[in-house]
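Asker: Given next are the chains, with one letter for each unit.
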Amino acid sequence: MISVDDLERMARLAGLSVPRADLEHLAPHLQALYADLARLMTLPIAAVEPAFRPTVVVGPPGKGPVAP
Amino acid sequence: MSALAFASAAELADRIRTRDLSPVTVVDDVLARIERSGALNAFITVTADAARAQAGEAEREIAAGRYRGPLHGIPVSLKDLVDTQGIRTTCGSRILADHVPSGDATVAARLRGAGAVLLGKAALHEFAFGVTTNNPHYGPTRNPWRLDRIPGGSSGGSGAAVAAGLGPVSIGTDTGGSIRIPAALCGVVGLKPTYGRVSRHGVFPLSWSLDHVGPLTRTVLDAALVLQAIAGPDPYDPSTLGQTVPDFGADLGKPLTGVRVGILADEYHGEMADDVRVQFHAAVDVLARLGLVLEDVEFPRAGEARTAATTILYAEAASVHERWLTDRAGEYGADTLALLRQGTFLTATQYLRAQRVRTLIADEMAQLMRRYTALVSPTIPTVAPAIGQPTVTLGVRPTDARGAMTRLVRLINFVGLPAITVPCGVGAEGLPVGLQIVGRSMDEPTMLAIAHAYEQATAWHTRRPPEPPQRI
Chain A
1 MISVDDLERM
11 ARLAGLSVPR
21 ADLEHLAPHL
31 QALYADLARL
41 MTLPIAAVEP
51 AFRPTVVVGP
61 PGKGPVAP
Chain B
1 MSALAFASAA
11 ELADRIRTRD
21 LSPVTVVDDV
31 LARIERSGAL
41 NAFITVTADA
51 ARAQAGEAER
61 EIAAGRYRGP
71 LHGIPVSLKD
81 LVDTQGIRTT
91 CGSRILADHV
101 PSGDATVAAR
111 LRGAGAVLLG
121 KAALHEFAFG
131 VTTNNPHYGP
141 TRNPWRLDRI
151 PGGSSGGSGA
161 AVAAGLGPVS
171 IGTDTGGSIR
181 IPAALCGVVG
191 LKPTYGRVSR
201 HGVFPLSWSL
211 DHVGPLTRTV
221 LDAALVLQAI
231 AGPDPYDPST
241 LGQTVPDFGA
251 DLGKPLTGVR
261 VGILADEYHG
271 EMADDVRVQF
281 HAAVDVLARL
291 GLVLEDVEFP
301 RAGEARTAAT
311 TILYAEAASV
321 HERWLTDRAG
331 EYGADTLALL
341 RQGTFLTATQ
351 YLRAQRVRTL
361 IADEMAQLMR
371 RYTALVSPTI
381 PTVAPAIGQP
391 TVTLGVRPTD
401 ARGAMTRLVR
411 LINFVGLPAI
421 TVPCGVGAEG
431 LPVGLQIVGR
441 SMDEPTMLAI
451 AHAYEQATAW
461 HTRRPPEPPQ
471 RI
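Residue numbers (the numbering used here), protein chains in the order written: chain A, 1 to 68; chain B, 1 to 472.
No lab work stands behind these hints, which were simulated from the structure alone. Where a beta carbon is used, it is the ideal one built from N, C-alpha and C, also for glycine. Hints are supplied without guarantee of correctness; some may be wrong.
What the hints assert, rightly or not - Take a look, some chain A residues computed to stay more than 10 Å from chain B by CB distance:
no., residue
1, 1
2, 3
3, 5
4, 53
As the list claims (entries may be wrong) - Where chain A lies over chain B, by a calculated footprint (3+ residues, C-beta under 8 Å):
no., region
5, 97-110
6, 405-416
Please put together the full structure from these sequences, using the hints given.
Answerer: Put into structure tokens, the structure is as follows:
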């Protein structure tokens, strides 16, 4: 669980000045996102490199050019 | 209503090419219409004098036998985050309110090269980070079908303009649905090409690895014509290199019997308002009558894809805005600032986790797309909400309006596939509903062929909104 105090410290480290009231508003959204992100760790990505750009190469041979 | 107002670009082009119609007449007609439609607030900047001058030049060139092609003399608008040399480009923000670029974005330059006439810069959600185009600095843009409704966003000015007959073409950008959302809510066509198909050079970024540039038009043929003009390699955007540019209209009108299409029917994609569900099922019936073979399919790990896409969007957007978040935070609108700030609280490892999940899901999507030529879903699970409305109801469940608007479109940006929305019916209070067709990577011609066949089998694209008032 991340607290508003935690967010305040993180903001300070990042050089950001964020009013405490704004952090209180952000906290539940971030809490939910962090929980969702934690669940991503259960996916089989141990041997997977990051994408950075989408590269869905599809189609039968000879159909369409290759995605960049 | 002017007879020219709702002519397609292709129809105008036929008459301009044969000199039956002057580009000057077309542009004067559209500019007068923009002037009369002020209540929509579809434009941040109208470049009337320059447009008339460009139209005159186009007329002279065509008279001299130098016809450039189907966009020559056609009026277009650009979302106001596409750089235009000497014309202010605000990004819908206060921070860049006086920003005048020294050069054209590649997409703007290509349209100029094709002879298109720039009408002006279309309104957008601040920095393209939102779906309402309820802009705190330039006022709300309104949906031509009902002025109390949002046009969608972030390319809301583009959607409102094309729907209201303020030019047949507008260029938008799409990071999590920002072309398809306003196109669907305003009842027009919106095309998001494959990632890397169209250069992003000179287009202010929201999220580098999710951003796409594409057209909003009133017909599928027009979308193909515009894509033809703006697609292709650009050394200033490495993601565009290595592609072959096909004839995007080559397959329009070809039979589609036996083409396999997946209906996105998993739990994630099944949540929608009842009026949208009725129209979507009717659209699927039309596709079946056209001979397509339709089967229910699941988007791989849709919930996880949504989390990863959100993380990538927030982190990249916060990076784009990092300096201003430090020293000009007070100049953002409240909703944009709150979203940007969320990105500043994500760690590098969380961002990289999301990008690794992207690799995983893109690979699973590739497996799915080997079996299907295209996928279909509603574009938006609801009709346009009211301006300022925080939630919408999908079935029985109230849900955050922003989440609902982006639900069915943003995953396609995550995997970079091309997608198009076409009008497919009328929902509550006469508001438009859109059908989303997702194609294989770099296979826009087949996707366009399916969209065109659907469009020609129905009359939804011929519906017109009421004449907008000058003031509200």
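Asker: For every hint, state whether the structure bears it out.
Answerer: Here's how the hints hold up against the structure:
1. 1: holds, 14 Å
2. 3: holds, 12 Å
3. 5: holds, 13 Å
4. 53: violated, 5 Å
5. 97-110: n = 0 at 8 Å, threshold three: violated.
6. 405-416: holds (count 4)
In the structure shown, a violation is registered for the earlier hints numbered 4 and 5, in ascending order.
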